[in-house]
Amino acid sequence: MRTAGGAVTWRAGPGPEMARLLEKLPAGRALEFLHKVVDGICGRAYPRYQDYGSVWSLSEWMEVLEETMVYFKTAVGKNMSDEEAAQQIIELNSDCQEAITKCLKGRKEEIRNALVENVHAISSAQLQDFDWQLKLALSSDKISMLQMPLLNLDLDVRENGEIKPVSIEMNKEELQNLINALEAANKVTVTDLIFCS
Numbered sequence: 001m002r003t004a005g006g007a008v009t010w011r012a013g014p015g016p017e018m019a020r021l022l023e024k025l026p027a028g029r030a031l032e033f034l035h036k037v038v039d040g041i042c043g044r045a046y047p048r049y050q051d052y053g054s055v056w057s058l059s060e061w062m063e064v065l066e067e068t069m070v071y072f073k074t075a076v077g078k079n080m081s082d083e084e085a086a087q088q089i090i091e092l093n094s095d096c097q098e099a100i101t102k103c104l105k106g107r108k109e110e111i112r113n114a115l116v117e118n119v120h121a122i123s124s125a126q127l128q129d130f131d132w133q134l135k136l137a138l139s140s141d142k143i144s145m146l147q148m149p150l151l152n153l154d155l156d157v158r159e160n161g162e163i164k165p166v167s168i169e170m171n172k173e174e175l176q177n178l179i180n181a182l183e184a185a186n187k188v189t190v191t192d193l194i195f196c197s
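Just so you know, UniProt numbering puts 172 at position 172 of the sequence shown, and the rest follows in order with no gaps.
Worth flagging that the hints you see were computed from the coordinates, not collected in a lab.
Just so you know, even glycine gets a beta-carbon here, dropped at the ideal spot from N, CA and C.
Errors might be hidden in some of the hints.
When the alpha-carbon atoms are kept at most 25 Å apart in a straight line, the in silico SDA-like pairs for lysine to any residue are as follows [said to hold, decoys possible]:
1) K164 / Q128
2) K108 / K135
3) K164 / L127
4) K108 / T74
5) K108 / Q128
6) K78 / Q133
7) K164 / E183
8) K187 / E91
9) K108 / D129
10) K24 / L65
11) K172 / R112
12) K105 / A125
13) K187 / E109
14) K36 / E98
15) K164 / L182
16) K105 / K172
17) K164 / D129
18) K78 / K24
19) K105 / Q126
20) K24 / S94
21) K164 / M148
22) K108 / A86
Simulated restraints, written as ranges between beta carbons of each label pair [to be verified]:
23) E117 / E183: 18 to 26 Å
24) H120 / Q176: 25 to 33 Å
25) M62 / K102: 21 to 29 Å
26) A185 / K102: 35 to 43 Å
27) V116 / Q176: 37 to 45 Å
28) V188 / V166: 48 to 56 Å
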């Protein structure tokens, strides 16, 4: 993760520093480390610094762990092809490239499932069905509300295995606010799918 002018941006792939750090691992331990990182992404134990303290300093450890997690989450979350994923790690030596590719191919579906579960965990409620009707207000305590179109939105929401009906009446402005909120939530969900931990 890098900050530019206060904004958070994600690098597309490991940079030269990342390549140097990963290449510090003895050849036989790279695949083990990568699988432990994927274990952490999937909700199990991440690799421990104590096991790699002889390889990296604490700051190097934090960087290599973060960058490796971001690589796997991005490659799977963006549904990169094998070629695209390989292109992101082109700066690494062939042993590291081979270990990362092997780990990614073998555990791609597991990573995808973990990312999806993390996004679903945001809310246990799910929309099952909806219906809507457009009505015209013929009576109101405010003259400005007369002849105003209103939307009745009926939602069937499943929460904890139980379907609950929810009815909402909205004017044009409220409907636009709902649409904007849903679009914003969709953007957050897509981002979380890619970068959730």
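Do the hints match the structure? See the list:
no.	hint	in the structure
1	K164 / Q128	holds, 10 Å
2	K108 / K135	violated, 49 Å
3	K164 / L127	holds, 10 Å
4	K108 / T74	holds, 11 Å
5	K108 / Q128	violated, 29 Å
6	K78 / Q133	violated, 37 Å
7	K164 / E183	holds, 23 Å
8	K187 / E91	violated, 31 Å
9	K108 / D129	violated, 32 Å
10	K24 / L65	holds, 13 Å
11	K172 / R112	violated, 39 Å
12	K105 / A125	violated, 32 Å
13	K187 / E109	holds, 23 Å
14	K36 / E98	holds, 16 Å
15	K164 / L182	holds, 20 Å
16	K105 / K172	violated, 49 Å
17	K164 / D129	holds, 11 Å
18	K78 / K24	violated, 28 Å
19	K105 / Q126	violated, 31 Å
20	K24 / S94	holds, 13 Å
21	K164 / M148	violated, 29 Å
22	K108 / A86	holds, 14 Å
23	E117 / E183: 18 to 26 Å	holds, 24 Å
24	H120 / Q176: 25 to 33 Å	holds, 28 Å
25	M62 / K102: 21 to 29 Å	holds, 25 Å
26	A185 / K102: 35 to 43 Å	holds, 36 Å
27	V116 / Q176: 37 to 45 Å	violated, 30 Å
28	V188 / V166: 48 to 56 Å	violated, 21 Å
When each numbered hint is compared with the structure, violations occur for hints 2, 5, 6, 8, 9, 11, 12, 16, 18, 19, 21, 27, 28.
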